[in-house]
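Undergrad: One-letter residues, chain by chain:
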Amino acid sequence: MGGLLTRARHPLRALAMAMAALSLAWGTTSTEGLIAAMTGAVLGVVAGELLARSRLRLVVIVGGFGLLLAATFEIASLSLTTTFLPSLIGPGTAIRAAGVARYGVLALSANAALRAVLVRKPAALALELVFIAAAFATAFAAHRDGVIARPLWLSDWAWQAGIDPAQVFLAIGGASVVILAVLLLAEKRDGLSWSSLVALLALALLAVLCLNVSGLPRASAANDLGLTNEPSDQSPHETPRGNDGGRGPNRVDGGGQNQQDGGGQSGRDGGSEQPSHADGGGQGGKDGGMDGGTPPPQISDGSIGPAPPPQGSDGGQGQGVPPPSERLSEDQGPSNSPAPMAVVILDDDYSPPSQAYYFRQEAWSEYNGKRLVATTRSDVDLDTLADFPTQVTPVRDPPPIAGRTTVKARVALLVEHTHPFALETPLSFSPAPNPNPNRFLRAYRFEAASQKIDFRSLLGRKAGDPRWTDEIRAYYTAGPADPRYAQLARQIVSKLPPRHRDDPFAKALAIKAWLDHELIYSTRHRHAGMDDPTADFLFGNRTGYCVHFAHSATFLWRSLGIPTRIGTGYMSAEDNRRGGSAILIRGGDAHAWPELHLEGLGWIVLDVQAERSLDPPGSATDEDLQRLLGEMAREQPPDPMQPPRDHAPPYAHYGRDIGLGALALILAAALVLYCVKLYRRLCPVFAGAGAMPVVGYRAALDVLAEAGLCREEGECRERFAWRVKDTVPSFGELTRMHLAARLRRPDIDHEHRPELRRDEWRRCLKAVRREIPRATKRWRLLLGLLHPLSFLESR
Amino acid sequence: MTMTEAETRNSDIPQSEHITRTLAPPINDLQGAYGAVQRLRERLQTAVRGRDEVIELIIIALLSDGHILLEDFPGSGKTTLAKALGDCIVDDRPDDHIVTFRRIQFTPDLLPSDVTGTTVFDPNTNKFFFRPGPIFAHVVLADEINRTSPKVQAAMLEAMAEKQSTVDNRTRKLDELFFVIATQNPLDLAGTFPLPSAQLDRFLFKIRMKHIPREAELEVLASAKARKAGAGRDLPRVTRTEIIDARVVIENQIHVVAEVRECLVDIAEKTRSDERILQGASTRSLVLMIPALQARALSRMRDYVSAEDVEALAPLVFGHRLELAPGSETTESVVRGCLVQPLEKLSRSTMRK
Chain A
0 MGGLLTRARH PLRALAMAMA ALSLAWGTTS TEGLIAAMTG AVLGVVAGEL LARSRLRLVV
60 IVGGFGLLLA ATFEIASLSL TTTFLPSLIG PGTAIRAAGV ARYGVLALSA NAALRAVLVR
120 KPAALALELV FIAAAFATAF AAHRDGVIAR PLWLSDWAWQ AGIDPAQVFL AIGGASVVIL
180 AVLLLAEKRD GLSWSSLVAL LALALLAVLC LNVSGLPRAS AANDLGLTNE PSDQSPHETP
240 RGNDGGRGPN RVDGGGQNQQ DGGGQSGRDG GSEQPSHADG GGQGGKDGGM DGGTPPPQIS
300 DGSIGPAPPP QGSDGGQGQG VPPPSERLSE DQGPSNSPAP MAVVILDDDY SPPSQAYYFR
360 QEAWSEYNGK RLVATTRSDV DLDTLADFPT QVTPVRDPPP IAGRTTVKAR VALLVEHTHP
420 FALETPLSFS PAPNPNPNRF LRAYRFEAAS QKIDFRSLLG RKAGDPRWTD EIRAYYTAGP
480 ADPRYAQLAR QIVSKLPPRH RDDPFAKALA IKAWLDHELI YSTRHRHAGM DDPTADFLFG
540 NRTGYCVHFA HSATFLWRSL GIPTRIGTGY MSAEDNRRGG SAILIRGGDA HAWPELHLEG
600 LGWIVLDVQA ERSLDPPGSA TDEDLQRLLG EMAREQPPDP MQPPRDHAPP YAHYGRDIGL
660 GALALILAAA LVLYCVKLYR RLCPVFAGAG AMPVVGYRAA LDVLAEAGLC REEGECRERF
720 AWRVKDTVPS FGELTRMHLA ARLRRPDIDH EHRPELRRDE WRRCLKAVRR EIPRATKRWR
780 LLLGLLHPLS FLESR
Chain B
0 MTMTEAETRN SDIPQSEHIT RTLAPPINDL QGAYGAVQRL RERLQTAVRG RDEVIELIII
60 ALLSDGHILL EDFPGSGKTT LAKALGDCIV DDRPDDHIVT FRRIQFTPDL LPSDVTGTTV
120 FDPNTNKFFF RPGPIFAHVV LADEINRTSP KVQAAMLEAM AEKQSTVDNR TRKLDELFFV
180 IATQNPLDLA GTFPLPSAQL DRFLFKIRMK HIPREAELEV LASAKARKAG AGRDLPRVTR
240 TEIIDARVVI ENQIHVVAEV RECLVDIAEK TRSDERILQG ASTRSLVLMI PALQARALSR
300 MRDYVSAEDV EALAPLVFGH RLELAPGSET TESVVRGCLV QPLEKLSRST MRK
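Chains as they are written, first to last, in numbering that gives the first Met the number 0: chain A, 0 to 794; chain B, 0 to 352.
Chain A extracted, bound-state conformation (with noise of 0.2 Å):
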């Protein structure tokens, strides 16, 4: 065993090295890039070791690598900002080859100066340890953030097997500290020991203590969805825009005058096609009606007449909807994490004509002489549900079928929520037994009567229901007392076309088009503190997000009389369902929009799309995590009778109860090695005659091995003895009193054996034991008392 591991070390030291290199290269380079880290790690260990033999001096060899690296490094620059090179092979194979060089080179270089430094000084083991945690570490780093998988490959393995990956991430680590602690072992070198051992297994326990890495890392899904801290912030460090808002009225008119030819003008171009036209928006926005100033009747024709050209040229999808790679930039909450809140399921095949799928948690309707709330009246918002559904719970105001299509959906939730959401608008919901207890906390199922009858079919209806009573309706279209509210809506609504000045949907249609061209993304903004955030924000540097566009039209929308509330939940484009059925739901999704009630339809999403953002991009949809967790969300749960685990909480306390566990049983194991080693010291005083000779031998031996005094392999006793003579020269006499007992012809009269005698061993033990403190140290003495091991040194 020992052999083959000493023949085994390179080759899996080898292994471990490329293992990291991998583990550090990944994500960063090409699959080439980490194919040749891998080659240079192992290539490096070899070149290192082979390196180390040979009689270069250290500072040649680590300086000879550095030297290369940079060289490399220069060329792999060069060959990529001078032309010569990728013309010749083409920019991308160019790109690649650069990639596989570096990373390739740096490998290699990394893993030969390091096995070098190592070879020649073993102390600098510790770099060795070093690198490979550093792999492991980015590994688990790559896991935090809700990003749950990563590398996929295994993570993808270890939830299709019902483990958590973590466990998998943290077993791996595990075995390549044991591994590397077995390999350090079989190398045998000067100050590696048992006990270097076991300070690594103590560093390891320590991480799990201290380290939460068990179950999912979960993000928090706040009952507000993380969006109301703007309004209710009530920290007063922003006044300077204050002052700014003050001189609004002022600027509004020439401001919105200014801007609505150029907004009308963008408005219909970024309805068009193009992403990148955010820019371009901006730019027409600034230079007003630089190119033509295209009539504001035009427009209203174009953008939002009932019999529109049929397909885009200009502006046929012009309720504003912008390609979703652009929607995706700018409907990251505040709060731009990735984490994955919940998979939606969708039993039918449904494509919402705004090309998103809006998924209502709550609706804010009541305006609170600042903001919209929720509502606390018990007769409005009936189509939402306040708890999670325990039987089939249809919402008391399901909205008409009239130009609506059901959809059936499952949603299972990683994330606890206060209330359950639906697509918008749900007609019932239903629990679902939990597909995988082990990884969703909930599921429940819906119904919802979603749109489906197309935007421009929208005009020319009343707006409002006319069940109600006028005091609903005047609670739907309360709004701040501002006069510029209703200003600047009107400004708005005029440049419509006569036809379309008294249709509800029209009037909403042209105020969303002009806030998605005015308005700028930015969760950096937040109009905290003010009186009227939405105030200071609209009339002001226009810089926001969601919340602010939806209180803006939504003020705008209620100051023309059009029943109006704001939906929060989630949003998510219908291009990041890829075609597939399960609809990832991540914690950038929350979002908050307008809505408007429209006669005989209920209330219709329209939301507010800003057309330029100061935001990065976010990422993209995970496909493969979509893809698992909706393969996830379907399963058959294991047992139905089996209720689903709703109410406890997950236990996430697995590291801390396997460290703590661990721990005891090494208090235990370390409890049961005293008892031994007290034994074994004891023994002589009971043992007989004929033991003495081994007991107390034992006994002596162990005394020496405290004191760090320690037969070697294949040293003989006697040679033992006359090392340790200086310190204590009685043990030379008890090895051969040791020795005469046990090979000596047993047929001698004892009477000729003193080595046999109590008495003698009783003296030469008490010798030895007055013999050693004279000549050790005492803080040795003491390490070697304390040490629970000790006597497998002695034998």
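These aren't lab readings, by the way, just hints derived from the structure by calculation. It should be emphasised that the depicted structure is a prediction, and the values quoted were computed from it without experimental measurement. Do not rely on the hints blindly, as some may be mistaken.
Stated by the list, open to error - Here are the simulated SDA-like pairs of lysine to any residue, each with C-alpha atoms no more than 25 Å apart in a straight line:
(1) B:K126 to B:L110
(2) B:K344 to A:G689
(3) A:K724 to B:M300
(4) B:K344 to A:A704
(5) A:K765 to A:V693
(6) B:K344 to A:V675
On the provided structure of chain A, position chain B as indicated by the hints.
TA: Then chain B, alone, in the frame of chain A:
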């Protein structure tokens, strides 16, 4: 023509000067055997300074009926040592025509009969008689044994292995106490006939002597005059019979536990399975080693063989018997490597109940 022992003449073989019958009591216990060892040791140590280890090995070989091959440079005291050994032994059977010490200087033109002896025609009696060669002695110094032809080496080695010598188809027994100290120069190999390994096997030990320590060398210079004057001549000596008796005592009374024999077999197996060694230790070497271990135990005043004896003697016994694969390591380090595990096992066996 037949020749009998009576016809053997040794008139022209010079006799050792001190042929005195000692009246020492016969050796029949370890005390007596150890006394003989001590007498030998003291005389030899007086004669040769700084060679205590080699002296002990020579005594061990003498007591375990083995022969010794010394590898050393000229002038390092080989001959002195061998002569002193011959001087230590008293021939208490002067009638057998066997002297205590002979030296043979091997040269390329030496003939076997120069070693074994030859039949000579005596014109007075008109008969052939056998004139014994120099191997008819108790202690024979075979100086530079690798300088002579294989034929002569073979004659010598037959005598060593069988304690007999064949001349003219007649086999003559050598004495029970027949001890060869052969030497060879390890460096000056030009014109030599290196001993094949089968013949090296006849030697119990091959000892590579190192230069003596500085203090010992100074002492040699200081005591040169005293030694020339015959210092130590009056120290007590041992008789041939005492040595033969001591051998018997050692064989019977020094205890060898089974673990020691197991250890020897372990070592042999280890050498046979080691890939650095082409040819491992032979069974004969193990057989020869047991008395050597016993003799060493006696020399250390013990009545049991311990692991230390094995550790000390194994390299000397196995060193020249192994054939190493072409490579870099020295025989000694290879043998030491093979010793570690068996010795560890042996050492640990004493702690077992």
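Undergrad: I'd like to know which numbered hints this structure contradicts. Please list them from smallest to largest.
TA: none
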